[in-house]
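Novice: Put together the whole structure using the sequences plus the hints.
Going line by line, the protein sequences match chains H and B.
Residue numbers 10 to 352, in the working numbering, belong to the letters of the first sequence in order.
Residue numbers 176 to 517, in the working numbering, belong to the letters of the second sequence in order.
For the record, the hints were derived by calculation from the structure and aren't laboratory data.
Using N, Cα and C, we set each Cβ at its ideal position, and we do this for glycine too.
Just so you know, not all the hints are guaranteed correct.
DSSO-like, lysine-lysine: derived pairs with alpha carbons at most 30 Å apart [unchecked claim]:
#, chain 1, residue 1, chain 2, residue 2
1, B, Lys459, B, Lys485
2, B, Lys222, H, Lys256
3, B, Lys499, B, Lys485
4, B, Lys265, B, Lys182
5, B, Lys222, H, Lys56
6, B, Lys265, B, Lys255
What follows is a list of derived Cβ distance ranges for each label pair [unchecked claim]:
#, chain 1, residue 1, chain 2, residue 2, range
7, B, Glu219, H, Leu252, 24 to 32 Å
8, B, Thr422, H, Gly269, 31 to 39 Å
9, H, Val290, B, Lys255, 41 to 49 Å
10, H, Met332, B, Met197, 40 to 48 Å
11, H, Ser45, B, Pro263, 44 to 52 Å
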Amino acid sequence: MALLPVKFDLKKRVKLAQTVWFMYWFAVLAGVLVLSMGLFFKIELRKRSELMDNNESHFLPNLLILMGLIACSINVFGGKVCYDSLDPDKFAKWKPMLKTYLVFCVGFNALLLVTAVLCFLMRIPMQFTLAEGLRNGMRYYKDTDTPGRCYMKRTLDLMQIEFRCCGNDNYRDWFEIQWVSNRYLDFSSKEVKDRIGSNVDGQYLMDGVPFSCCNPSSPRPCIQAQMTNNTAHYSYDHYTEDLNVWKRGCRDALLSYYGGMMNTIGALVILVTMLEASVTVGMQYVHSSLCNLANPEDPESESEGWLLEKTVKETFTDIMDKMKSMGKGVKVEEGEPAVETVS
Amino acid sequence: MPFMPVKFNLQKRVKLAQGLWMLYWFSVIAGILIFSLGIFFKIELRKRSEMMDNNESHLVPNLLILVGLLACGLNAFGGKVCHDSLDPIKFSKWKPMLKTYLLLCCGFNVLLVLVSLLCFLMQFSVYLTLAEGLSYAIRFYKDTDTPGRCFMKRTLDMTQIEFHCCGNNNFRDWFEVQWISNRYLDMSNDVVKDRVLSNVEGKYLMDSVPFSCCNPGSPRPCIQHHLTNNSAHYDYDHRTEELNIWTRGCLEALFSYYSSLMSSIGVFVLFAIILESVDMAGLKYLSTALETMAEPENPECESEGWLLEKGVKETFSDLLTKLKTLGRTNQVEGGDAPEANT
Chain H
10 MALLPVKFDL
20 KKRVKLAQTV
30 WFMYWFAVLA
40 GVLVLSMGLF
50 FKIELRKRSE
60 LMDNNESHFL
70 PNLLILMGLI
80 ACSINVFGGK
90 VCYDSLDPDK
100 FAKWKPMLKT
110 YLVFCVGFNA
120 LLLVTAVLCF
130 LMRIPMQFTL
140 AEGLRNGMRY
150 YKDTDTPGRC
160 YMKRTLDLMQ
170 IEFRCCGNDN
180 YRDWFEIQWV
190 SNRYLDFSSK
200 EVKDRIGSNV
210 DGQYLMDGVP
220 FSCCNPSSPR
230 PCIQAQMTNN
240 TAHYSYDHYT
250 EDLNVWKRGC
260 RDALLSYYGG
270 MMNTIGALVI
280 LVTMLEASVT
290 VGMQYVHSSL
300 CNLANPEDPE
310 SESEGWLLEK
320 TVKETFTDIM
330 DKMKSMGKGV
340 KVEEGEPAVE
350 TVS
Chain B
176 MPFMPVKFNL
186 QKRVKLAQGL
196 WMLYWFSVIA
206 GILIFSLGIF
216 FKIELRKRSE
226 MMDNNESHLV
236 PNLLILVGLL
246 ACGLNAFGGK
256 VCHDSLDPIK
266 FSKWKPMLKT
276 YLLLCCGFNV
286 LLVLVSLLCF
296 LMQFSVYLTL
306 AEGLSYAIRF
316 YKDTDTPGRC
326 FMKRTLDMTQ
336 IEFHCCGNNN
346 FRDWFEVQWI
356 SNRYLDMSND
366 VVKDRVLSNV
376 EGKYLMDSVP
386 FSCCNPGSPR
396 PCIQHHLTNN
406 SAHYDYDHRT
416 EELNIWTRGC
426 LEALFSYYSS
436 LMSSIGVFVL
446 FAIILESVDM
456 AGLKYLSTAL
466 ETMAEPENPE
476 CESEGWLLEK
486 GVKETFSDLL
496 TKLKTLGRTN
506 QVEGGDAPEA
516 NT
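Specialist: Take a look at the structure:
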């Protein structure tokens, strides 16, 4: 008893083949889309790898690129088979490969689904990578003379300007580290000596933030130094001042940017999975309808197409039996040489 | 003696019609491109109209949009005529319109030349508008509480950050205006009172610049106050310090952006003119080849196509005599009327 059988005459078969061929071309475009999304994501990660301590995992974009390439190739092959399916001579050369091809397609679809799920889950490791990377980034802000870190200041400044954020969690993170290099501090000045002496690590800490934290929408010129000292500025109360510097932390901002990107990519991969599943089903109907011609010589005869030759349960038990017999075959082979040597 | 005649047989005519049809579709795409370039330019002007005192001329983008639409329409019609040209029945309904269509195309080409010239010449106007607009923008930077100017500070800050520039001609423009609102100045403070009294207009001037002038590529944290005072900062010499703030003026930065945009658009319009001229020449050859068939009933006969029926000089003198006769008929009609009255 076949699963979801459908009767086909020549006209229906031709229509089916044409529709499935068309869908395969959309699927090729979808594969190209997945490939380009993988490339885009990889480039975005590379652009800001300095802020993630060059430690970010490129697993997901690489997987997307691989999936995109495989999708393109199997869909092109499927389209070619569909195109040839209406000509019995040409189709005869593809016939033996189709069963393996369909099994491979089903496996690929499962892999696509796994990729989509990964897109949504990768947010969690990204959070940790960003937190650590940004903390180090802020610590190395002042090291513009250390090779390997000399562009950290520029990268961090440009990032704070672009993403409208300040510090790791908020602007107070800048109060806890020394972000002015010792080269620009006058160690003979009393004020500098006091500040350095005031903490255990001997760091020059101040309640100021870099200029890139400034919010251009603030009605007054930016206050970035002596931020917690209300008397240092006229008509200033740091508890109620809202717009002066960006309030959001950069970890939050970057996470929401990358999280949004990954969510969109995940949703698109799910759509591509559905498209791939439908072309696989279509191909199975084309294959089964062409294999079951009532009169093999007459192309205009009726035929029946199905999704599975037997029902789901029977197909499942068949596969289990096959796997068991494969296992027994291996055991018997191992047993036989033992018997021979003994006797 | 026709100008540049070419002999055609059926195969050559078919090839010409097909090639011309394809070329007309490229021209439609070129028309769409001109249209979208016009819209893009209009949006870019609108985005920064505050920097230009809301006074900028939208003539060039509007012309580009109009020309783009016209180009699409004319070229789609031309493509349709080419498509029908190989079927004598369909072509006969287009035949009478072809002469007017070709004249229209000529006029359209002249319009395109004009638009291209404007793209290059209007850059001067943009420069002057920018110069004036930016000087006002710097003056109104502090007026964040005045309706109509409250976003000037944000716009100017974002412009300086985006275009990597500071001030109108250079950063010293900021030294000549008061860019801190009086709301944030403690007028009871002696320092403030000294500064305000130190100039005729009573403005609070200082040798500082806003934070948006800071260059993130500078190795040291940004120095934006007391820029000309070397002793105010450790290890600082304002004459040799290069990377601290942007040294370029916003007038130069914005002008170079708009000028490169307008020059590219002008070059593309020139390319479109060449494409349109080739289209016109092709259509003229095709229409004359179809009209001069030796045997109208036999589609496979030979024919001759040309660009102009007579030589260039003769065509020109013909045109002049036509214009003169038009003028004379008017005069004669004018003379008839008083005779009729008497």
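Novice: Run every hint past the structure and note whether it holds.
Specialist: Each hint, compared with the structure:
1. Taken as a hint, the lysine 459/B and lysine 485/B pair is honoured in the structure, with Cα atoms around 14 Å apart against an allowance of 30 Å.
2. In summary, the hint linking lysine 222/B to lysine 256/H is supported, as the alpha carbons are separated by about 27 Å, within the 30 Å threshold.
3. Restraint check for lysine 499/B and lysine 485/B: the C-alpha separation of about 19 Å stays at or below 30 Å, so the hint holds.
4. With a CA separation close to 23 Å, the supplied pair lysine 265/B and lysine 182/B stays within the 30 Å bound.
5. For the hint linking lysine 222/B to lysine 56/H, the alpha-carbon distance of about 28 Å falls within 30 Å, and the restraint holds.
6. For the hint pairing lysine 265/B with lysine 255/B, the CA-to-CA distance comes to about 10 Å; that is within 30 Å, so the pair holds.
7. Separation of glutamate 219/B from leucine 252/H is about 28 Å and conforms to the stated range, judged on CB atoms against 24 to 32 Å.
8. In this structure the hint that threonine 422/B and glycine 269/H lie 31 to 39 Å apart at CB holds, the actual value being about 37 Å.
9. Between valine 290/H and lysine 255/B the CB atoms are about 43 Å apart, so this pair conforms to the stated range of 41 to 49 Å.
10. Separated by about 59 Å at the C-beta atoms, methionine 332/H and methionine 197/B break the suggested range of 40 to 48 Å.
11. Between serine 45/H and proline 263/B the beta carbon distance is about 49 Å. The supplied range of 44 to 52 Å therefore holds.
Figure legend: structure checked against the earlier numbered hints; the only hint not met is number 10.
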